[in-house]
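Please model the complete structure; the sequences and the hints are all you need to start from.
Going by my numbering, the first residue of the sequence shown is number 17, and it counts up by one from there.
It is worth saying that the hints were derived from the structure and are not from the lab. You may find that some hints are simply not true.
To be verified - Taking CB as the label site, the calculated pair distances span:
no.	residue 1	residue 2	range
1	Asp62	Thr27	28 to 36 Å
2	Asp72	His44	25 to 33 Å
3	Gly46	Asn81	28 to 36 Å
4	Thr27	Ala52	14 to 22 Å
Glycine is no exception: its CB is placed at the ideal position from the N, C-alpha and C atoms.
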Amino acid sequence: MLSRVEANQDTQDAATLRELRDQYPHLHIGTQFYGAARIWEARGHDGHPWLVASDDLARFRRALNQS
Numbered sequence: 017m018l019s020r021v022e023a024n025q026d027t028q029d030a031a032t033l034r035e036l037r038d039q040y041p042h043l044h045i046g047t048q049f050y051g052a053a054r055i056w057e058a059r060g061h062d063g064h065p066w067l068v069a070s071d072d073l074a075r076f077r078r079a080l081n082q083s
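Below is the structure:
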């Protein structure tokens, strides 16, 4: 069962994903877990990597904005 903090984080992450997907419709944006780290990633819709994944959301947003 998720703790209240984990559930709140999941809700925030879902809202962030919706926002990013609306801003960058040409990309498939998602998250993956590697160990305990949540990794943000963006891929072209053809499945090829478009951007290096990042575990830092602020750095990930900056990279998207530079495109």
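Hint check:
1. At roughly 31 Å, the beta carbons of aspartate 62 and threonine 27 sit within the given window of 28 to 36 Å.
2. Against the hinted window of 25 to 33 Å, the Cβ-Cβ separation of aspartate 72 and histidine 44 comes to about 20 Å, which falls outside the hint.
3. Take glycine 46 and asparagine 81: their Cβ atoms lie about 18 Å apart, and the range 28 to 36 Å is violated.
4. Here the CB-CB span from threonine 27 to alanine 52 is close to 19 Å, well matched to the stated 14 to 22 Å.
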